[in-house]
Amino acid sequence: QKEVEQDPGPLSVPEGAIVSLNCTYSNSAFQYFMWYRQYSRKGPELLMYTYSSGNKEDGRFTAQVDKSSKYISLFIRDSQPSDSATYLCAMNRGYQKVTFGTGTKLQVIP
Amino acid sequence: DGGITQSPKYLFRKEGQNVTLSCEQNLNHDAMYWYRQDPGQGLRLIYYSQIVNDFQKGDIAEGYSVSREKKESFPLTVTSAQKNPTAFYLCASSISDNEQFFGPGTRLTVL
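Sequence order for the protein chains is G and R. Heads up: the first sequence begins at 1 in the working numbering, then just goes up one per residue. Heads up: the second sequence begins at 1 in the working numbering, then just goes up one per residue.
So here's chain G without its partners, still in its complex pose:
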């Protein structure tokens, strides 16, 4: 069983929809949680970085962490075609190796 599980998609939504991207994990020691966006043939770009449980909002993006369920989510409001990319979740215990999910491919259809 992988430490981090992420649905590979692809996920197709109409423009303006609310998108929910999710990861589950098995290591209860993980404390730091990150979401990256990766466009095709480009390097990943850090979108959100959270510590511990709760929500963090940045513009149209909201990161949510539920440590009791070992579940993290990234919500994208008012999705745009420019949001079409692969989204990677990542997490670690702090000052340790980061474990990445395999990524969810998102397509926002105009």
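These aren't lab readings, by the way, just hints derived from the structure by calculation. Quick caveat: nothing in here was measured; it's all calculated off a predicted structure. The beta-carbon is built from N, C-alpha and C at its ideal position, and this holds for glycine as well. Don't take each hint at face value.
These stretches of chain R come out as covered by chain G in the derived footprint (C-beta under 8 angstroms, 3 or more residues) [what the hints assert, rightly or not]:
1. 60-67
2. 101-110
Away from chain G, derived, C-beta distances all over 10 angstroms, residues of chain R [what the hints assert, rightly or not]:
3. F12
4. S22
5. L43
Got chain G; can you put chain R on it based on the hints?
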């Protein structure tokens, strides 16, 4: 502009050749990393370095070598011992081990 640069963007290697991928950062980050990305497998850590003149093997170090002679530079050599080197290679850097910032990547193809 602060950032991470990787070169070349595309690289072709013949069987039995060693090739070196360049990674440079001007973010003044202490830690640097090399990952390999294959379809459906996510990012796998090859090597990392937390300080100049020191580096550690990651999960898939066999067939690869690195050096860290300068804070800004962390080149990766893909040796002929790497049996399946065709992949997208990503370099990253960070102040701590948490938030890592990635370069644009190098796509290596074996001919």
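Comparing the hints with the structure gives:
1. 60-67: violated (count 0)
2. 101-110: holds (count 6)
3. F12: holds (16 angstroms)
4. S22: Holds, because the least Cβ-Cβ distance between S22(R) and chain G comes to about 14 angstroms, which exceeds 10 angstroms.
5. L43: Label violated. Min Cβ-Cβ 4 angstroms, cutoff 10 angstroms.
The structure does not agree with the numbered hints 1 and 5 stated previously, though it agrees with the rest.
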